[in-house]
Amino acid sequence: MRLTDDDIATAGELALGLLDKAEAVQARARMASEPNFAAEHAKWNDRMVAMEVIEEEAPSPALWAKIDAAISEKPRQDNNGGNVRIWQGLTAASFAIMLVLATMLWRQPEVTSAPQQPQILVAAIGAEDGRESVAANYNPQTGALQIIPISLETGKLYPELWIIPEDGIARSLGMIDPSKPALHSVPEAMRPHLHKGALFAITPEPEGGAPGGKATGPVIAKGAIDTI
Amino acid sequence: MNAQPDASQMAIARANRERELLSDALARVGIGDRKAFEFLYRRTSAKLFGVCLRIFGNRNEAEEALQDAYLTIWNRAAAFDRDKASPISWLVAVTRNKAIDRLRARDKGKAVDLDEALGIADTSPNAEARLAEKDDAKVMDRCIDRLDDRDANFIRAAFWNGRTYADLAVAESTPLPTIKSRIRRALIKLRHCLEGSE
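Same order as they appear, the protein sequences are chains A and B.
Heads up: the first sequence runs through residues 1 to 228, numbered per our numbering.
Heads up: the second sequence runs through residues 1001 to 1198, numbered per our numbering.
Next up, chain A with everything else stripped away, as it sits in the complex:
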């Protein structure tokens, strides 16, 4: 497909790092499916490097020894531009196993106190390119929602979690912490919306959440609720 001027500018903005996180996620997604766009992005890097002469200068001689000592035995084979993520190697299957394990660990205390086991609901909230992903499990009896971020990156913005039931209306469940697992108590009014088939979605939003309860960022990750 032929690139328009708009595409050229967007590829340039992406290469120059001018896009905000949400826009960059969308633009990167295009690189996977549009070879012309990806080539244009690569060319922008070359153009910027050609834009000025980089004077060569030797680093201090001690630096090589430091680098040599710091590298792992074998390369980790990171294949994308993001930060190194421990969970990156997870396949869909191991992701599901982890989800179940996390859920079982979380349920442990209840097993002894409550003879009637609650029907736990789970969701794997991810992006199509596998970049952003969060595991969620929900106990409808108590309204406790556990959010386990695996790799969630929203740059200068903050991730907000939404629930979208069959009516298609996104309702905010509040901001989530991208750095560590957390337990949320879902407000009573929201609980009926969290059931099998309803969709979780995450959008990047300004600090404090989407103004007026309307999402401003694109959906960077989503996943349907299911039973285990």
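Everything labelled a hint here was simulated from the structure, so no lab data went into it.
Where a beta carbon is used, it is the ideal one built from N, C-alpha and C, also for glycine.
There may be inaccurate statements among the hints.
[Said to hold, decoys possible] Here are the simulated SDA-like cross-link-like pairs (lysine to any residue), alpha carbons at most 25 Å apart as the crow flies:
(1) A:Lys66 - A:Met51
(2) B:Lys1189 - A:Lys156
(3) A:Lys156 - B:Pro1175
[Claimed, not checked] One-sided excerpt, in silico: chain A residues whose CB lies under 10 Å from chain B:
(4) Ala11
(5) Glu13
(6) Ala42
(7) Trp44
(8) Asp46
(9) Glu56
(10) Glu57
(11) Ala58
(12) Pro59
(13) Ser60
(14) Ile67
(15) Ser72
(16) Lys74
(17) Ile169
Guided by the hints, dock chain B onto chain A, whose structure is given.
Only chain B this time, still in chain A's reference frame:
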């Protein structure tokens, strides 16, 4: 064509050979060859250190950034595709991205000072360094000349100093959408000039 190759032909041949050498080295690094990694380091660290110095302006931080960059290169070399990119472009892009990440983390929350970014003094091409790509450099210089000076500096500040639209808007006391459309227009103009369709 002379039987005796002229200087620029020899330079082009050298550049091609260098490209092959580095591509081979990267391929071997991708499968964990430490000797190839050392070769690559010896061959490219002065260039990549230059990139880090361009971004940080001091040796200490530049060396930390360079170390980051080579660790990333070690771990990501297998992703290098010699059919799609030149090795030096790939290495510079990885280094630049790591360095900008570090710069942004360091400057998080700090007031923006665009003076250093926009006051780039010396952009005159170094003839010797550019011998192999003399024509490219000429085209680039001509195309940059056709841009508004401020726009050219915005573009440099974004790429080499990690400035965002928001930074530039604040520094210029200009609304963000205005800055954005200015830069987008400048990028399109630069691209058409470079690709000869203008």
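Hint numbers contradicted by this structure = The structure breaks hints 1, 2, 17; every other hint is satisfied.
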